[in-house]
Amino acid sequence: MSRIIQQLCQVQSCHEVAAKTFLLRFNSPEITASVQPGQFVNILAVENGEGPLLRRPFSVSRVEDDIIELIFHVVGIGTNLLSRKKFGDRINVIGPLGQPFHGNAEYDTALLVAGGIGVAPFPFLTDVLLKRGKHIETFVGYRNAGQVFTGHLQNVRIATDDGSNGFHGNVVQLLQSSLVQNNFDKAKIFACGPTVMLKTLTGLAKRKNICCEMSLEGQMACGYGICQGCAVERAEGAAKYALVCKDGPAFLSTEVNL
Amino acid sequence: MKTLSTSNGIKTSFTIRGVEFKNRVFVASGTFGYGDEIHDLVDVNRLGGIFTKSLSWKPRPGNPPQRIVETASGMLNSIGLANIGVQTFIEQKLPHLCMLNTRIIVNIAASSLKEFCDVLSLLEEQDGIAGYEINVSCPNVKEGGMSFGTDCKMITEITSNLRKLTNKPLIIKLTPNVTHISEFARAAESAGADAVSVINTLIGMAVDIKTRKPKLSTVTGGLSGPAIKPIALAKVYEVAKAVKIPIFGIGGIANTEDAIEFLLVGATAVQIGTMNFIDPAISVKVVDGLENYARENKIADIGTLVDALDADVKFSVLQSWL
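Top line first, the protein sequences correspond to chains A and B.
The first sequence begins at 1 in the numbering used here and counts up one residue at a time.
The second sequence begins at 259 in the numbering used here and counts up one residue at a time.
Hints are computed from structural coordinates only; laboratory data are not their basis.
Worth double-checking, as some hints may not be accurate.
[Unchecked claim] With a straight-line Cα cutoff of 27 angstroms, these simulated DSSO-like cross-link-like pairs (lysine-lysine) come out:
#, chain 1, residue 1, chain 2, residue 2
1, A, K199, A, K240
2, A, K199, B, K471
3, A, K199, B, K468
If we strip away everything but chain A, and leave its shape as in the complex, we get:
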């Protein structure tokens, strides 16, 4: 596994790309050298030494040369502080953390399925899958049109809860209807989003017999397996729990019970 580092990284830019959704770019030649799609970084969100106690974990959204991009939703004090960072500010980052999406499964078409800010890891995954010659179809669900952000994604279909953009309904319903209309040959699902969405998706993938890999969230203090906070129940094996931070965040839908 790649070496985990803690470092102060210089912010390149941070701006709002959709309602309360920010794109933060920072420099880290060390992390970009080894990070893979599905991995995350853990960031101390402080301003003048003030801020929440624990770090905030973020999927790496994209890598461009020495720069790491994160997409995040402002939900509390930590993400609010982070959204105010500007060029030249320094942020304390630990990474790369966690296991990347598994790369080796036999598939030709990658179905990327995101709920809201669950879209975060997919631009990076898209870049890497395109290099591997995979065909990509992307399904993204939002509450409303104001939240839509689809930068660096391929063949995007949008669902909104209120019908203000694209399919009226949730993203799993959108995927389900697409699976009826299209015959995606040798497909694999990559998913990230709220637990309730992943649960429904797991059921759909099972019925359709499609391999499904999910990036999970968990309440964690450290991000590297020490605090044991982010437990998720394993579906099989001797150990009862896996850790989202160290054994994941990417898991096959058959590996865990949500």
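Fit chain B to the known structure of chain A by using the hints.
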């Protein structure tokens, strides 16, 4: 193991039951794993010692999620002593730990006196362990844990039985979830403990007002982090007034200044806990910080800070129950 008793002319080391520790900064049980997961991020050889994650006889899966909640300047946890079990520890972790140039103190958690004795006896057959910390204060398990630590007779029984099994330093980790922690420290001291660790987490809880459910699966958990530092300092002060054995001060230490406060109120050494999660290199920064403080203040031995509080005790409310 080579131990430096001085660092740049400043004495940093201290001794418990003949075991010399090279400095007074340790990492607390449960916040540093088994010492091997975190090597990329901190030079563990700079520490006075590592208190391992609690070990029980059999592996424990721990509590169901959700196990962690962030609170104001602190966090609640209900991990439930998830651990790999003592046999796996001996096979997979100890060989590596023995190679480190720091002291390894194994923390033991158990749900019966027999289990404590079995785990300690098995560890006694191994090389590389400097001492034991006995967890009678975990607030997140139904059997053992805090139910032992809130009963003075159980502290006496566990300590005296374990004392017969080892000649290594025996450290009892106390819970603050009692009326007078000093009584429990006295019980440990009388039964033969070499030191006490003060404090484990405080029972706390958090509620999700949308669902009206507790945020932790076990309803309550243990509060740690900077939020508890003032409480921990008062508990260390109380215990220091009651016993002569050394105290490992624990509770929200986030920097050198915090560590010095703990030494001044009577801690012989400190353990850094929750802050390891936020800055994995914090403990080494405190090691350096203590040395710098000593140098700047022309202190030849950091031990002279221990119990050096300048308090006018005639106004101390605490004296009335000690």
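Checked hints:
no.	hint	in the structure
1	A:K199 with A:K240	19 angstroms, holds
2	A:K199 with B:K471	21 angstroms, holds
3	A:K199 with B:K468	21 angstroms, holds
Figure legend: structure checked against the earlier numbered hints; every hint is met.
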